[in-house]
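Order-wise, the sequence lines are chains R and W.
Residues in the first sequence are numbered consecutively from 13, following the working numbering.
Residues in the second sequence are numbered consecutively from 13, following the working numbering.
The reader is advised that the hints may include incorrect statements.
What the hints assert, rightly or not - Capping the alpha-carbon separation at 27 Å, the derived lysine-lysine pairs in DSS-like fashion look like this:
{"#": "1", "chain 1": "W", "residue 1": "K299", "chain 2": "R", "residue 2": "K284"}
{"#": "2", "chain 1": "R", "residue 1": "K158", "chain 2": "W", "residue 2": "K181"}
{"#": "3", "chain 1": "W", "residue 1": "K54", "chain 2": "W", "residue 2": "K284"}
{"#": "4", "chain 1": "W", "residue 1": "K299", "chain 2": "W", "residue 2": "K284"}
{"#": "5", "chain 1": "R", "residue 1": "K72", "chain 2": "W", "residue 2": "K181"}
{"#": "6", "chain 1": "R", "residue 1": "K101", "chain 2": "R", "residue 2": "K348"}
{"#": "7", "chain 1": "W", "residue 1": "K121", "chain 2": "W", "residue 2": "K181"}
{"#": "8", "chain 1": "W", "residue 1": "K101", "chain 2": "R", "residue 2": "K284"}
{"#": "9", "chain 1": "R", "residue 1": "K299", "chain 2": "R", "residue 2": "K284"}
{"#": "10", "chain 1": "W", "residue 1": "K338", "chain 2": "R", "residue 2": "K72"}
{"#": "11", "chain 1": "W", "residue 1": "K183", "chain 2": "R", "residue 2": "K299"}
{"#": "12", "chain 1": "W", "residue 1": "K54", "chain 2": "W", "residue 2": "K222"}
{"#": "13", "chain 1": "W", "residue 1": "K317", "chain 2": "W", "residue 2": "K284"}
{"#": "14", "chain 1": "W", "residue 1": "K284", "chain 2": "R", "residue 2": "K72"}
{"#": "15", "chain 1": "W", "residue 1": "K317", "chain 2": "W", "residue 2": "K181"}
{"#": "16", "chain 1": "W", "residue 1": "K101", "chain 2": "W", "residue 2": "K158"}
{"#": "17", "chain 1": "R", "residue 1": "K299", "chain 2": "W", "residue 2": "K284"}
{"#": "18", "chain 1": "W", "residue 1": "K348", "chain 2": "R", "residue 2": "K158"}
{"#": "19", "chain 1": "W", "residue 1": "K72", "chain 2": "R", "residue 2": "K284"}
{"#": "20", "chain 1": "W", "residue 1": "K317", "chain 2": "W", "residue 2": "K328"}
{"#": "21", "chain 1": "W", "residue 1": "K284", "chain 2": "R", "residue 2": "K158"}
{"#": "22", "chain 1": "W", "residue 1": "K158", "chain 2": "W", "residue 2": "K54"}
{"#": "23", "chain 1": "R", "residue 1": "K222", "chain 2": "W", "residue 2": "K72"}
{"#": "24", "chain 1": "W", "residue 1": "K284", "chain 2": "R", "residue 2": "K284"}
Unchecked claim - Pair by pair, the computed Cβ-Cβ distance ranges are:
{"#": "25", "chain 1": "W", "residue 1": "N252", "chain 2": "R", "residue 2": "P271", "range": "16 to 22 Å"}
{"#": "26", "chain 1": "W", "residue 1": "K158", "chain 2": "R", "residue 2": "E226", "range": "43 to 49 Å"}
{"#": "27", "chain 1": "R", "residue 1": "D298", "chain 2": "W", "residue 2": "K158", "range": "17 to 23 Å"}
{"#": "28", "chain 1": "W", "residue 1": "K299", "chain 2": "R", "residue 2": "Q213", "range": "42 to 48 Å"}
{"#": "29", "chain 1": "R", "residue 1": "P132", "chain 2": "W", "residue 2": "N252", "range": "38 to 44 Å"}
{"#": "30", "chain 1": "R", "residue 1": "P133", "chain 2": "W", "residue 2": "K299", "range": "32 to 38 Å"}
Treat the hints as calculated values from the structure; they're not laboratory data.
No residue lacks a Cβ here, since even glycine has one placed at the ideal position from N, Cα and C.
Here's the letter readout for the chains.
Number of protein chains: 2
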Amino acid sequence: MAAIASREIRLAARPVGLPTDATFELGTADAPDPGDGEVQVKNAWMSVDPYMRGRMIDVKSYVPPFQVGQALEGGAVGEVVASKADGFKPGDLVLSMNGWREAWTGPAKGLQKIDPRGLPPQAFLGVVGMPGMTAWGGLLHVGRPKEGETVFVSAAAGAVGSIVCQIAKAKGCRVVGSAGGPDKIKYLKSIGCDATVDYKQHRGARALTKALAEAAPEGIDVYFENVGGDHLFAALQCLNMRGRVAVCGMISQYNDSEPQPGPSNLTQIIGKRLRVEGFIVFDFIDKQADFVRDMAGWIGAGAIKWEETVYDGLEKAPEAFIDLFKGANVGKMLVKLA
Amino acid sequence: MAAIASREIRLAARPVGLPTDATFELGTADAPDPGDGEVQVKNAWMSVDPYMRGRMIDVKSYVPPFQVGQALEGGAVGEVVASKADGFKPGDLVLSMNGWREAWTGPAKGLQKIDPRGLPPQAFLGVVGMPGMTAWGGLLHVGRPKEGETVFVSAAAGAVGSIVCQIAKAKGCRVVGSAGGPDKIKYLKSIGCDATVDYKQHRGARALTKALAEAAPEGIDVYFENVGGDHLFAALQCLNMRGRVAVCGMISQYNDSEPQPGPSNLTQIIGKRLRVEGFIVFDFIDKQADFVRDMAGWIGAGAIKWEETVYDGLEKAPEAFIDLFKGANVGKMLVKLA
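Excised from the complex, chain R in its bound form (with noise of 0.2 Å):
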């Protein structure tokens, strides 16, 4: 057993929209040897998530803000290399929220220990991680999709988005989804999407929500809503009477300096007597075994698919955060560390 140099990514400036390279710096700490009770970790994987640019503000939300000069936190995979904490050996898989950063060494409590089940272990952060169960337990739980009904999903590429579809399909809906570019088109397609909206070539509220109506001539009964804006617009111009939208971000208002609008037809709530509400996926946390046990179904089944966009090395950790904004991943967005 030994300390280990671990590099890690701060953050060195609270961003003002669009984090840039100045958001973040990287460093280097050491991982200690384990004392008792603790695990000394090497990370093999580290997610970037939307939900991460909240904490890089000032303000009280339901995660506690980062601090400048601090190492980020998030979802990791990494692998035990010393243990002096029960039921932790070398080589074990365990799944914590020390991402950014290399290694580490920490209590062993309260970390989950990952039994892959041939799947790969990054899969942890993704398809049956935190992104599915948020997709599961928005869509399910809050969106409540009856057989038949149509599911319109935003940013319905991305990592929660793309499962969002798959398990909508699984449950006998129609879906239509949204997403920026041909190949994300095409990805949509691949996943099922019966009604695919290229965002990019319907610029503005009214050009979206023709595109949409076009897509779901009988309107959507669920709008699984992952970007906000123009989007929560049309949305709402195409839900069916007593439609719902399962509200999981609004990634097109993280980065805004200057708080935008919301859509101008809010009214659409009362005359429809929509339900719209919010969730995270700590609202789940009860249902998880429900949850592992669906998606392990979907996956062994064949339903359910997913895809990986995946930077290779800690010191692309930044660019592949900022490249959440612009669009850039299919599916889950990945950083390689090991």
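Use these hints to put chain W onto chain R, whose structure you have.
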């Protein structure tokens, strides 16, 4: 029996922005002798309600649009003067949607006969009518406050809002009401509001938020939405975790010739897991017996009082309607016809 000449208010032109005198025209029609199954009725009271603005434009909604050149419609209480319908006799009081006119003849089928039980007939256009049931259903079945929670009500001095405040108090909630001007604030205190916000003293989303935060230092749990715009922004900022927005109306938006943008803080819905849900009074029609029982109990116990703002004569109906949007009413806005 004889035909009655009846003055009526017709839609002269679809309004753009706030309706004006030019929106309306006064005409005369005959209320003929009733045929088989018909009654002839002289209206005593008619209602003006904000939702009628939506019917003045040519857009499909939950009620069909008014037609230019034809008499407007709306709630009215009248007295049967002649009847060829079983179960209806002269002197009976009836509730109909044949407002905006002094008299009418039509089928008795679907007409609601009123048993006043000691209440003034116009109360059936207010506290025990549509506004009362809107308040009751929206608060209890959509907002679902628990005892001890804080309920925020906008347009709290209006026909619906003033009843919402009192039901919330009867249910053991802390109530914060918003209205414009010292007279209305005084009225809100008289009906039991624990705190008040005079929005005319706090213009703009940020100022209104600050005022609401001061009036509700522990945050709000339910927002009964009648206004939209800055009020919705302030409510979203101040809502507690798992708060609910019962969306009844957005009167600040109804006269916009160009739709106004929504609040810029819709992302609050995610982290706080808010539920924003629209409704209209018809949603509670199968619960009408519960409403009548609850409301009769509260009125009998003195827990619910009501106020009226009365304009005299059919020719004043357009002014009464326009004044709704200027906030000229305390409690139910009514036009006395006879």
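Holds or violated: are the alpha carbons of K299 of chain W and K284 of chain R at most 27 Å from each other? holds, 20 Å
Decide if the proposed pair is consistent with the structure: K338 of chain W and K72 of chain R, CA atoms, cutoff 27 Å inclusive. violated, 38 Å
Please verify whether K317 of chain W and K328 of chain W have alpha carbons no more than 27 Å apart. The hint holds at about 26 Å.
Proposed proximity, K348 of chain R with K101 of chain R (alpha carbon, max 27 Å): holds, 22 Å
Is K284 of chain W close enough to K284 of chain R, meaning Cα to Cα at most 27 Å? holds, 24 Å
Would you mind confirming whether the straight-line C-alpha gap from K348 of chain W to K158 of chain R stays at or under 27 Å? violated, 49 Å
Taking 27 Å as the top limit, are the C-alpha atoms of K158 of chain R and K181 of chain W close enough? violated, 38 Å
Are K158 of chain W and K54 of chain W close enough, with their CA atoms no more than 27 Å apart? This hinted pair is violated, its Cα atoms lying about 44 Å apart.
Starting from K299 of chain R, check that the Cα of K284 of chain R is at most 27 Å away, please. violated, 31 Å
Lying within 17 to 23 Å: is that true of the beta-carbon distance D298 of chain R to K158 of chain W? holds, 21 Å
Can you confirm whether the C-alpha distance between K54 of chain W and K284 of chain W stays at or below 27 Å? With a Cα-Cα distance of about 52 Å, the restraint between K54 of chain W and K284 of chain W is violated, given a limit of 27 Å.
Are K284 of chain W and K72 of chain R close enough, with their CA atoms no more than 27 Å apart? Roughly 11 Å separates the two Cα atoms, so the pair holds.
Hint check: violations occur at hints 2, 3, 4, 5, 7, 8, 9, 10, 11, 12, 13, 16, 18, 22 and 30; the rest are consistent with the structure.
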